[in-house]
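**Q** Using the sequences plus the hints, can you model the full thing?
There are 2 protein chains.
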Amino acid sequence: MADTQPPNQPPTDIQPEEDDKGPSKSALKKAAKAAEKAAKAAEKAAKAEQAAQAKAEAEVDFSVDFYGPLPLNQSQSRPRRPRDDLTTLSSRIGETVLLRVRVQTSRAQAKMVFLNLRQKTDTVQAVLIASAGKVSKQMIKWTADLADESIVLVEGTAEKTSEPIKRASISDVEVHISKIHLISGLDTRLPFSVEDANRPDTEADTSEVQYNRVLLETRLNNRVVDLRTQTNQAVFKLQGAIGDLFREYLSSHGFLEIHSPKLQGAATESGASVFKVSYFKGAAFLAQSPQLAKQMAIAADFERVYEIGPVFRAEDSNTHRHLTEFIGLDLEMAIEEHYHEVMETLDGMLKAIFAGLRDKYKKEIQVIQKQFPAEDFKWREGPEGTLRLTFKEAVEILVEDGVPREDLDDFSTENEKRLGRLIKAKYDTDYYIIDKFPMALRPFYTMPDPEDPTLSNSYDFFMRGEEILSGAQRIHDPNLLCEKMKSKGVDPESMKPYVDAFRMACPPHGGGGIGLERVLMLFLKLNNIRRASLFPRDPKRLEP
Amino acid sequence: MADTQPPNQPPTDIQPEEDDKGPSKSALKKAAKAAEKAAKAAEKAAKAEQAAQAKAEAEVDFSVDFYGPLPLNQSQSRPRRPRDDLTTLSSRIGETVLLRVRVQTSRAQAKMVFLNLRQKTDTVQAVLIASAGKVSKQMIKWTADLADESIVLVEGTAEKTSEPIKRASISDVEVHISKIHLISGLDTRLPFSVEDANRPDTEADTSEVQYNRVLLETRLNNRVVDLRTQTNQAVFKLQGAIGDLFREYLSSHGFLEIHSPKLQGAATESGASVFKVSYFKGAAFLAQSPQLAKQMAIAADFERVYEIGPVFRAEDSNTHRHLTEFIGLDLEMAIEEHYHEVMETLDGMLKAIFAGLRDKYKKEIQVIQKQFPAEDFKWREGPEGTLRLTFKEAVEILVEDGVPREDLDDFSTENEKRLGRLIKAKYDTDYYIIDKFPMALRPFYTMPDPEDPTLSNSYDFFMRGEEILSGAQRIHDPNLLCEKMKSKGVDPESMKPYVDAFRMACPPHGGGGIGLERVLMLFLKLNNIRRASLFPRDPKRLEP
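Chains P and C, in that order, are what the protein sequence lines are.
Take the UniProt record's numbering: the final residue in the first sequence is number 544, and no numbers are missing along the way.
Take the UniProt record's numbering: the final residue in the second sequence is number 544, and no numbers are missing along the way.
Quick caveat, the hints were computed from the structure, so don't treat them as lab data.
Heads up, some of the hints might be wrong.
Identical copies go unnamed one by one, so any copy, or any two together, can satisfy a pair.
Stated by the list, open to error - Quick list of in silico lysine-lysine cross-link-like pairs, BS3-like style, CA-CA up to 25 Å:
id: 1; residue 1: K47; residue 2: K496
id: 2; residue 1: K281; residue 2: K540
id: 3; residue 1: K417; residue 2: K362
id: 4; residue 1: K540; residue 2: K496
id: 5; residue 1: K496; residue 2: K436
id: 6; residue 1: K276; residue 2: K540
id: 7; residue 1: K47; residue 2: K370
id: 8; residue 1: K160; residue 2: K111
**A** Written out as structure tokens, the structure reads:
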């Protein structure tokens, strides 16, 4: 049909004339003139036809009300038409639906446009087909020209597809568009496509098609676009879920949520890695953890407390697992007899998180594993309980594997990972506890072992060979506390309000602190902690 | 009885001799010698008697195993004997119970000691009665000498009382102590007694008995002891509850919890009130709110997000309602048609919080009202919905009441409170919304009204005449945003990552931010926001 032919294509029915005999000059002149005239006439006719056609087309754009940009939403009106969620489409076959969606990609084909529409972790195919009185070619063209990532309001019918649509997460439904309007368009070029950003690195490396690999640095510089991938939508749903599961477990075990101040009067715990803040005419420091406050909450009789909040570390560590600001999941509790009461509470809580993620977030985990393929996280759920080793036993495992004993006064990151591999091979678990760390490796507030003063009542928890939690029984006796502070070079006077809390009687207690992003990264094997933080902060990054 | 007589009291049977006739010198000498001898003999006899008595007593302290200090708990053993909660005692009459408790007060009386034992918001009376073979007088003495606030492990039987015990919150049970051991004692004098700290100010002022009034400053300087009052135990239980109710409502309405960074690369929103942080070789700034991050989360397709986290304000405001660090309950959501969708979500959420507190925390509210008497917080629950006024309507109410119109370009704290009283009188509600604030009063990111550009799509929520929430539809169009930034003196280049988020298409959206401590303070009428913060921070306070 005429309207499918590109307008700039040269006419095909005009061919140069060929003749064996040379024509006369006047004949040539005449012919030239005639040709000129004919050309002019043809041009004129073409122009007239074009104009007529344009006019006709303008007249017949019967779709003007069905597409185009909406005015800027300033809450001009409120017709109260409910919008639909992509996840409900499969149950609404044959019905009219109204969707606010992103255009992930669009593809024009003859008198049709195929759109891949996205909401969070879901995509659906939509199609707009030219149709007399309903969908004009102007509407087709406008829709085909929509920039990727435009936000549109689409009205259409949900239709069952004859065969599964592989490109979309909702494969059994297609939306047949009757109206499409632009809610918010693009004002700049995309730094990368969301489709490219959602691909596994392995696919960019190995596929026959040349895909654009989006580097982590590029992603983080353009985090708002990067976060739109189905993978990231799922990752941060799981981040929220970890917080929910943490709270749910602790609430049901008698814990109270507290909020402790991040601004502190003194640089505490370990002076070196604290950020300094200008505070009116003086200075303050950002809390490295809620350690002091949560212990004071125990001295204040709250019995069992937890906190979810930012912790700040002024460490110039540029590794895959360090951030300068991260979310601490902290708890502290009074104990009746033994610090293993705390260790077991922490263990029960973490297992509840693991099981909760696995059981309630199957879909999200599948979405993430498409981009970050990984073996499912393994932990012991049976009656034998979580694997617990003492620090000494862990040292023996590494020594047996050939690590020189003199390298094992503390565990390097490398040896931690090696231990993780050895434990996985021997015990088939990605999750375990190491108990009874040497006192020399722990902070001043750690309770020494009752029999061997070189050991302490402290533990670390590990996932896939990386530490995610550190905790201990704390010293609740002010005199022993002061003694230990001095032996670690801390002046008790510099932390007077903290020490005083124990002078007015405090129950025996213990606790632990978890890095939220580490749990998320290691459960999903995201390989870099920045992927587990919404807007990560490291020594070199303060934006976006 | 002899053993009740204080040991240092002088003997009462020795009286000076009186005689009318003077005795001879030798007789005097003789008498003096005899007296001396007698005195020595008496002294000797007394000493012998004391020694015999002490020996006898030492021999008969049949209670040595039933009282005394425990060794420092370093997790030496784990007999796994469960401890009991005071709240369960009423259902355990006649049974043996094991309690870890604070000694709030003790009172010795003849051969008995009465203790007031405390756990969080509960107290119970316990009594130790001398009894042959069971409770020695040494045990009585040791127990009577226990310092207030000592932490003890008590074993005894729960006995029904013949009449209600007024001094204890659990009035129908008394614990008859058989064993009492000290878990953690005091190493210093208490700054004030927890009983004094738990009294209403009115009682200290009006009671016939001279009570010690504990000033707020003294409380805050010794916050760990102050927090132990039944009132504060209840206040912070409610603080936790507000967070729970906030999350519960929002989770069930499709919101995701996010965590945004508090360290920011640029001083944003309003440069004046931002804390500066030394960040390695450069500088960072503490976020005044998660405003920018939560809007970017909307541009990143998270649709509906909330955050509970610290916000920092470098304002030198020393008032009853300002803190330099407080907990923000923030949310942001995409809207389909109108910003009232957000306003109604915020309203529904707050009403769910109010109802949740009232219905689930009756006991805690009663405990608090004993110290802070207040009318119950009132809000409209019926179908008529929450009272909504426009800014203009609110101005009219104040003008009618005699406030000069020219004072009402903005509301002073005083006029806000006056408005609250007028509204309470007229509409019988402590809770209402003021909508349609003048654009001039709102930040650059506020969406202007579609018809009157001097107005904006923004609202504040009030409790008892004080603002607790501020929110608005935001500008999602990058060009309008830049224009408004410039008109408010903000350079769009200084906030490039934020502005860029809108260049890649962002849905229309709005949100709001709530001060957790303000909601808590105003619901309970605590009169000072510091009482609603665990360890409050203001321009003059960074400790404890």
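**Q** Next, verify each hint and record whether it holds.
**A** Hints versus structure:
{"no.": "1", "hint": "K47 <-> K496", "result": "neither (91 Å within a copy, 47 Å between copies)"}
{"no.": "2", "hint": "K281 <-> K540", "result": "between (28 Å within a copy, 10 Å between copies)"}
{"no.": "3", "hint": "K417 <-> K362", "result": "neither (27 Å within a copy, 51 Å between copies)"}
{"no.": "4", "hint": "K540 <-> K496", "result": "between (35 Å within a copy, 17 Å between copies)"}
{"no.": "5", "hint": "K496 <-> K436", "result": "neither (29 Å within a copy, 50 Å between copies)"}
{"no.": "6", "hint": "K276 <-> K540", "result": "both (17 Å within a copy, 17 Å between copies)"}
{"no.": "7", "hint": "K47 <-> K370", "result": "neither (55 Å within a copy, 91 Å between copies)"}
{"no.": "8", "hint": "K160 <-> K111", "result": "within (21 Å within a copy, 88 Å between copies)"}
Hints 1, 3, 5 and 7 from the list above are not met by this structure, while the remaining hints are.
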